[in-house]
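Trainee: Each chain, written out:
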Amino acid sequence: MSNIPADLRYAKTHEWLRRESDGTVTVGITDYAQNSLGDITFVQLPKVGASFRSGEAFGVVESVKAASDLYAPVAGTVVAANATLDGTPETVNRSPFADGWMIRLKPADAAAGGDLLDAAAYGQQVG
Amino acid sequence: MSELKRTPLRDFHAAHGARLVDFAGWEMPVQYRSILEEHKAVRRAAGLFDVSHMGEVDVRGPGAAGFLNHLVTNDVSRLFPGRVLYTPMCQPDGGVVDDLLVYMRGADDFFLCINAGNIDKDLAWIHAQAAAFDVKVTDRSADYALLAVQGPSAAAIVQSLTGAKLDLVKYYHFTEATVAGVHCIASRTGYTGEDGFELYHAAGDAVALATALLEAGRPRGLELAGLGARDSLRLEAGYPLYGHELAADISPLTASLGWTVKLDKGVDFVGRAALVVEQESGGARKVVFFRTGDRRIVRAETPVLDSTGAIVGRVLSGTLSPILNEAIGSALVATPAAAGALAVDIRGARIALQPVRPPFVPLRKT
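Same order as they appear, the protein sequences are chains A and B. Using the numbering used here, the first residue of the first sequence is number 1, and each one after it goes up by one. Using the numbering used here, the first residue of the second sequence is number 128, and each one after it goes up by one.
Chain A extracted, bound-state conformation (with noise of 0.2 Å):
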């Protein structure tokens, strides 16, 4: 059973997101996605200042499986991307919600991010 915190919203892609209190949201992979992934080898970030549409693909995601892409839920600027996944990629396996962030992003459209699902509704895609 994956851990899905409630707190968050989700992709059917298996990214999720976490609005902060500043306004920007924080994005990175579910415990589902880590998971089916297996062991996590590399993580290709975006510089910060990179802009992305809803959907389109910021990063890359490897494991000694596959790589996968990693899509943004919402449209937006990248404010940070976490450096400690550089040297330490199996963070996103260890603590996926948590230190295995991946980055964060000023949305373009504040209200953005109503078609995203809750854990519920993930809960409900991932068996």
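Please keep in mind that the hints were generated in silico from the structure rather than gathered at the bench. It cannot be assumed that every hint is accurate.
[What the hints assert, rightly or not] Calculated cross-link-like contacts (lysine-lysine; reagent style DSS-like; alpha-carbon spacing at most 25 Å):
#1 A:Lys-65 to B:Lys-167
#2 B:Lys-292 to A:Lys-65
#3 B:Lys-248 to B:Lys-263
[Unchecked claim] Some residues of chain B that are not near chain A, with every Cβ distance over 12 Å (derived):
#4 Glu-130
#5 Trp-153
#6 Glu-164
#7 Glu-165
#8 Leu-212
#9 Ile-246
#10 Gly-331
#11 Gly-355
#12 Pro-449
#13 Arg-484
Backbone N, C-alpha and C define an ideal beta-carbon position, used for all residues, glycine too.
Please arrange chain B on chain A, whose structure you already have, making use of the hints.
Mentor: Frame of chain A; chain B shown alone:
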């Protein structure tokens, strides 16, 4: 989809948290906890692998030794009872049917261990080649289970469960032994580059033996290890995997396994003429091993480029070395290009391949 075959340990794996996948038509554990952690456990202490999917074949009769020396490229006449030989067996054109282990039990009594994915093809091939020899070939694959205990602590773990003097069994030798009450062929061989034993035993004894090895091994750092770690361990050791570094279109000479091809062993063997030609001409392609200094895995089938960006080959195997913390792999490259600068493109980044003579890490096999 046809139903996956199962080893006698399928439920044992599931009960120990394995992730089971289709491997060559078998439902096998690819990992239990983490491929990287299982890999490190084998280099540090020991790992226990179920490799019961491998095939076993008895070759018996007065013509057995002569037949096998005709079948394979290495020299079977050098064997004596208790000795194991690694060898390819080739097609007439020098391409490889399979790579295997040959065990000599007695003058007229040999035993082969072949790759799981090749069992049907190999048996058909071996039977066809055997027609002119006084020999009986019997598929024993369903009778045997096979557990591999690998790592610096492996011998001590197996020794704790047997009265046999394992010190006397040197690398690439075997003995019959009772381990945890189970009759085994205890073979000091493996596919990890570490010391260790491969224990052939009756399929019905597999759960009892695996349970005993796990209990005896855990205090010594042994972990269950899946096929994921087995693959990264063999690549780090520089060992070929059939279908990757050896294949129907990759000869043992191309794969730099010339030490397994005894052109002058005094008998003709299948593929010899073609291999003589390749030896003399130098061969058009060769298998090279590489590291990159980068963590991005260079995956099989990635095109290999020369300094002008022209495609000069393809990647055969690639993984992240958990010990070196960088990508390692093998590639099949046009011989003239092999000595020059080689690179791959990964998602737009050009990554240089640094040539390595394997093993990639120091090995401690005896």
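Trainee: Compare the structure with each hint and give your call.
Mentor: Verification of the supplied hints:
1. A threshold of 25 Å between alpha carbons decides the hint, and for Lys-65 of chain A with Lys-167 of chain B the separation of about 17 Å falls inside it, so the pair holds.
2. Restraint check for Lys-292 of chain B and Lys-65 of chain A: not satisfied, since their Cα atoms lie roughly 41 Å apart, outside the 25 Å limit.
3. This hinted pair checks out: Lys-248 of chain B and Lys-263 of chain B have alpha carbons roughly 17 Å apart, not beyond 25 Å.
4. At roughly 23 Å, the least C-beta separation between Glu-130 of chain B and chain A is larger than 12 Å, which holds for a residue marked as non-interface.
5. The claim that Trp-153 of chain B is not at the interface with chain A holds, since no C-beta of that chain comes within 12 Å of its own (minimum 18 Å).
6. For Glu-164 of chain B, the requirement that its beta carbon stay farther than 12 Å from each beta carbon of chain A is not met, with the minimum near 8 Å.
7. The beta carbon of Glu-165 of chain B sits about 10 Å from the closest Cβ of chain A, which is not more than 12 Å, so the claim that it is off the interface is violated.
8. At roughly 32 Å from the closest C-beta of chain A, the C-beta of Leu-212 of chain B stays outside 12 Å, upholding its exclusion from the interface.
9. Every CB of chain A is more than 12 Å from the CB of Ile-246 of chain B (nearest about 26 Å), matching its label as outside the interface.
10. The beta carbon of Gly-331 of chain B is kept farther than 12 Å from every beta carbon of chain A, the shortest such distance being approximately 33 Å.
11. Here Gly-355 of chain B does not stay apart from chain A, with its beta-carbon only about 6 Å from theirs, under the 12 Å limit.
12. Non-interface status of Pro-449 of chain B relative to chain A is broken: a Cβ of that chain comes within 12 Å, the nearest being about 8 Å off.
13. The beta carbon of Arg-484 of chain B sits about 24 Å from the closest Cβ of chain A, which is more than 12 Å, so the claim that it is off the interface holds.
When the structure is compared with the earlier hints, violations turn up for hints 2, 6, 7, 11 and 12 and for no others.
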